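Chemist: Read off the chains here:
There are 2 protein chains.
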Amino acid sequence: MNYIRARLTSFSLAVMACLVLVGPAYAADALPSWNDGATKQAILEFVKTTTDPSSDDFVAVEDRIVTFDNDGTLWVEHPMYTQLAFALDRVKALAPQHPEWKTTQPFKAVLDNDMKTVAASGEKGILELVMASHAGMSTAEFEAIVKDWFATARHPRFNKPYTELTYLPMVELLEYLRANDFKTYIVSGGGIEFMRPMTQAVYGIPPEQVIGSSIKTQYEMKDGKPVLMRLAEINFIDDKTGKPVGINMYIGKRPVASFGNSDGDRQMLEWTGAGEGARLMGLVYHDDADREYAYGPAGGLPESPFGTFSQSTMDEAKKNGWQIISMKNDWARIFAFDE
Amino acid sequence: MNYIRARLTSFSLAVMACLVLVGPAYAADALPSWNDGATKQAILEFVKTTTDPSSDDFVAVEDRIVTFDNDGTLWVEHPMYTQLAFALDRVKALAPQHPEWKTTQPFKAVLDNDMKTVAASGEKGILELVMASHAGMSTAEFEAIVKDWFATARHPRFNKPYTELTYLPMVELLEYLRANDFKTYIVSGGGIEFMRPMTQAVYGIPPEQVIGSSIKTQYEMKDGKPVLMRLAEINFIDDKTGKPVGINMYIGKRPVASFGNSDGDRQMLEWTGAGEGARLMGLVYHDDADREYAYGPAGGLPESPFGTFSQSTMDEAKKNGWQIISMKNDWARIFAFDE
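Residue numbers (the numbering used here), protein chains in the order written: chain A, 268 to 606; chain B, 268 to 606.
It should be emphasised that the hints constitute simulated quantities derived from the structure, not laboratory data. Here the structure is a predicted model, which is why all the values come from computation and not from measurement. Hints may contain errors.
Any copy will do: because identical chains look the same in the list, a pair fits if it lies in one copy or spans two.
To be verified - For lysine-lysine, the following BS3-like pairs were computed, each having C-alpha atoms within a straight-line distance of at most 25 Å:
#1 Lys369 <-> Lys391
#2 Lys595 <-> Lys585
#3 Lys375 <-> Lys427
#4 Lys450 <-> Lys383
#5 Lys427 <-> Lys507
#6 Lys427 <-> Lys315
#7 Lys450 <-> Lys595
#8 Lys307 <-> Lys585
#9 Lys450 <-> Lys375
#10 Lys492 <-> Lys383
#11 Lys595 <-> Lys383
#12 Lys391 <-> Lys483
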């Protein structure tokens, strides 16, 4: 009896301690996975100043537009872009219908799991793989294929569905911004119809706030019902200078904040920074090989074909006061499944 | 004294009568400029059934997407598209910098106010006029030009700013749908950057919910600041089969309702109607030459180069149960400035 009471008392004290220690801290901290430091402070300060009606930098709700790159900014992009992993899986799945791929590059390399040759095929080769795997079906059929793949595919290192390989601090940032009436957009080099089936569930971002690269579609009647067929023809490349172009085309407003992680995001951050008033620009810097990956080559990290962050981008970031978000130092946790 | 009191009493009685008679009717009627009838009933019924959680046709808030054509559906498109009037005014304003236009068609015809020759120059000629007047400046410069023009230009028949030539019943419909958590989009053949400077003020539709035709833009640095330059090259034509393509590209969801007025809207209405559950499609029929214009040729009305509504579109509408919105019979008022 005494033992049980002692245990209960000890349990109650522990609960109370948690409520006292964690409760207010959690309530006060919308970004619990961010370590205290200059980066977190800059985010909190930006939101405070732009949402305070008495501030000179107050931003009206309808202009609170924030844009996020996806690959390497919101989720993992190594050892290869998630969409490339999807394309390779699709090529393998479609191979029985394409006996000629056994002897045609870059398809042969994919079927042989010869990633060196796939990589050596360059942009042209990758484009061939994407077109072969992403075109020739209706938008509805493609959506079903993408959803099936997300439900079954696993990341080779973390052995998790790709939709769990999102960065918890960035998901918190998305939620924190939305709680302060910012409208969050994805502006990614990735395929718009590859991302849309998962962005609402994973990031709380609806399809109409996803901007990405796209292939052309064509309106056709099939068995008396209209369909949009996906054509093997590029419509829009939402990367580098294409990002401001895409933002203007889709949103028609300049973002007040934007986040990326690579050379492909430079122009988006420049475009954001060129507006009047308070601005916040950030680049995720992958400097944590233990918990995720380390690549640059900025700061002497290894080169990478996926998500290149060059020294000249780092120099521009420092010159312009963009936040460098160090995964190693700024993030207490990286994934939701981390301890 | 008695006279004054009698007048005051009579005035008070009149005010009270107005409050009694008009007050509740207005409160109960979200569409006061619509005459009672099958069309209004279909709209009310659609909103009721799709927003009632106990209905089989209930639509979740995030899927309440409604698309509206602009020219001839939300505002006047005669005697010519508003944007064409803008292009002609711009050609005249720019003529001093282009002495060659005095002898080159279709520019010469514009400068001579010879609309017959302008019309005869066809799509190719109109495209030349649009490119000469819409390209070669930054997006910010173009926005300023458009705003200036809207502030000063007047419609030749109504002698009002074009932004006042919106159809009051359709503005009420937009507001009624938004009050029921529908997200309203414009999906127009008109230029996206021509519409965006006015849609928020005129329709309550923000720039990011405006889809239209566009020319290509290019990211450039000018005096150390990034700009998007407008190029004389078509990017996207948001008309006919382009409308479902544009809806998919920008929104990534199928609308549950859509409204148009011409052959250019057929595919948008087909695409809307092909979804599951309750749907509402409507076509504004310009059959009121007294208060606005009358053109078809559907139903034997005069042909028109702007906003052609052919008999085959009318036949498809009747076959598919699309609402034909007769301006003459369904609308008690057309413009806000009408008595």
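Chemist: Which numbered conditions among the earlier hints are violated in the structure presented, ordered from lowest to highest?
Modeler: 3, 4, 5, 6, 7, 9, 10, 11
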